[in-house]
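J.: Counting from 1, one number per residue, gives the positions in the sequence shown under the numbering used here.
Bear in mind the hints are in silico, worked out from the structure with no lab data behind them. A hint or two may mislead.
[Unchecked claim] Dumping the calculated DSBU-like pairs for lysine-lysine here, alpha-carbon to alpha-carbon at most 35 Å: (1) 420 <-> 371; (2) 371 <-> 303; (3) 371 <-> 181; (4) 476 <-> 457; (5) 518 <-> 456; (6) 371 <-> 456; (7) 511 <-> 549; (8) 166 <-> 220; (9) 371 <-> 565; (10) 410 <-> 457; (11) 456 <-> 534; (12) 580 <-> 509; (13) 220 <-> 195; (14) 152 <-> 534; (15) 371 <-> 220; (16) 518 <-> 476; (17) 463 <-> 534; (18) 511 <-> 476; (19) 457 <-> 371; (20) 511 <-> 420; (21) 410 <-> 463; (22) 565 <-> 549; (23) 220 <-> 410.
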Amino acid sequence: MFKNILLLATAAILAGAAVAQVPSATWNPNVSATTYRNPVINADYSDPDVCRVEGDYWMTSSSFACFPGLQILHSTDLVNWEIVGAALTDFYPDLSWKTAVQHGNFVWAPSIRYHDGWFYIYCGDPDNGLFMTRTRNPRGQWEPIVWVKEGKGLIDCCPLWDEDGKAYLSHGCAGSRAGLKSVLFVAPLSPDGTKVIGPSRIVFDGHETQPTIEGTKFYKRNGWYYIMSPAGGVPTGWQVTLRSRSPYGPYEEYISMAQGGDLNHINGPHQGAWVETQNGEDWFLHFQDKDAYGRVVHLQPMKWVNDWPVIGEDPDGDGIGTPVNQYRKPNLPSSGNFQPLESDEFDSTALGLQWQWQGPPSHYWYFCDAKNSRLRLYGVECLPDARNLADCPNLLLQKLPAEDFTATAKVRFAPNPEFKPRGENAGLIMMGLDYAALKIVDLGDGNFRLQRVTCKKCLSGGKEEVEAEVDIQGVKGEEPYTVKYASVGVGQVKPSARVTTPELWLRVKVKGNRPKGKVVPQTLCHFYYSLDGKKFHELGSEFSAQPGKWIGAKVGLFNCRPGSKNDAAWLDVDNFIFSK
């Protein structure tokens, strides 16, 4: 099904407008004017890749089934990053897409490169093949994504344009689809980068020495062809560098970075991007898997020794780098002091760039009401085969921004009074392999119930359970008001007769808890509600968030209905605020 979506995808509308960056309320990688700490992005930007064009650095990352996909980030100093757009945007003419959410599928391990005036992004879909999109302006519209090579199990691709005009594409394979893993390939690529023009050739077998090698990044330096790839598995692996005098090998191998001692708390450091700055410095950006917090982005110093890259620091002199927690900043002009966007006041005519839908979206799902500075989410009928909220593509979510934070949404819920039977529902959710939510349920006759629900193993069809609940009395619609129409003069207008909830503040507090001897923290969540925004009441017990399929947990909003009707409930969201 994704092949149809990819072929029909257009980049007509970006996910949001330019927003002034402000310092994050939850995480700051800037220790001082000259020192940074890791992670530089404390959020789930899995499999990051970066390219430099003059003094600008552009990043993209895996987006899997979340849309807009292939989010684009920008920096001038490699430490402070802002979201500036998305290459795989949020509207698709194929409205027949009616299956449950494809958790963990679609967009895997992209690469971003600049060549001959074009920015290119290549990515793999393990069920369909390798794809590419490009643009002249990474902040703007990207071309419709196209197939580069069809085939099941193809992933983790990266182009290389050689000095002689030839081009190549490296890639890996997914054992779950291909029936083979731990091998890497190179294929000839058309000079314009749009199509593989010959068979892929296995150039490296890592079964004996570099198991589960994948995530290729292709470079050339000093006459050497380099493939930089992670091996050893996501939470426990290391960074491998391969080199050869020919793009097709044979390749020598070298471990450029591995996990250091227990004190550095950086497990499995690998899968990322080498960048050479305009000042001649070398740096490497990679991810660390932090379970429910996702795959966060680290920045490591890098140096070349005998034409091999050593990433991080090498205190014992064995030639294998270990990751740093804190280091001097690159010799680059400052981007400012910020992280990717978090809080949203909904004062724009487009969704903030930090938001992603759980599946390919529809323009029927929301209205950005900039006039009233609010977001209106419309109730969406659950798909026929939906077992719980994990099967609903209309969850509007964003990444967790730090280990410790509080997220609060100010909302008002207005069900459709003609919907029978009752049961329209909306609220705040912490989504992963398990989920917990504050769910406002319409009971009819102006009565509502706020439930704290939990669903274990939701991606496998787990049953949602009510853990705690409280009744909420509705509020009647406003009185008629007078309005002047140009054609008919003055008349009485009766607003919607809907009964709504009062204003509600829905809150989740998240605290990282690192058990003794563990590198990766638990993600402990407590849920609260308030009727005045001041006094908050906890509802339900502590919930331990879990990662999603290949992604971290995500927090956000939903509005669902159990059947069809010719109009929908709405959830008005005044703001969604992150705080420490």
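J.: Would you pick out the hints that fail for this structure and give their numbers low to high?
T.: As far as the earlier hints go, 2, 3, 4, 6, 14, 15, 16, 18, 19, 20 and 23 are violated by this structure, in ascending order.
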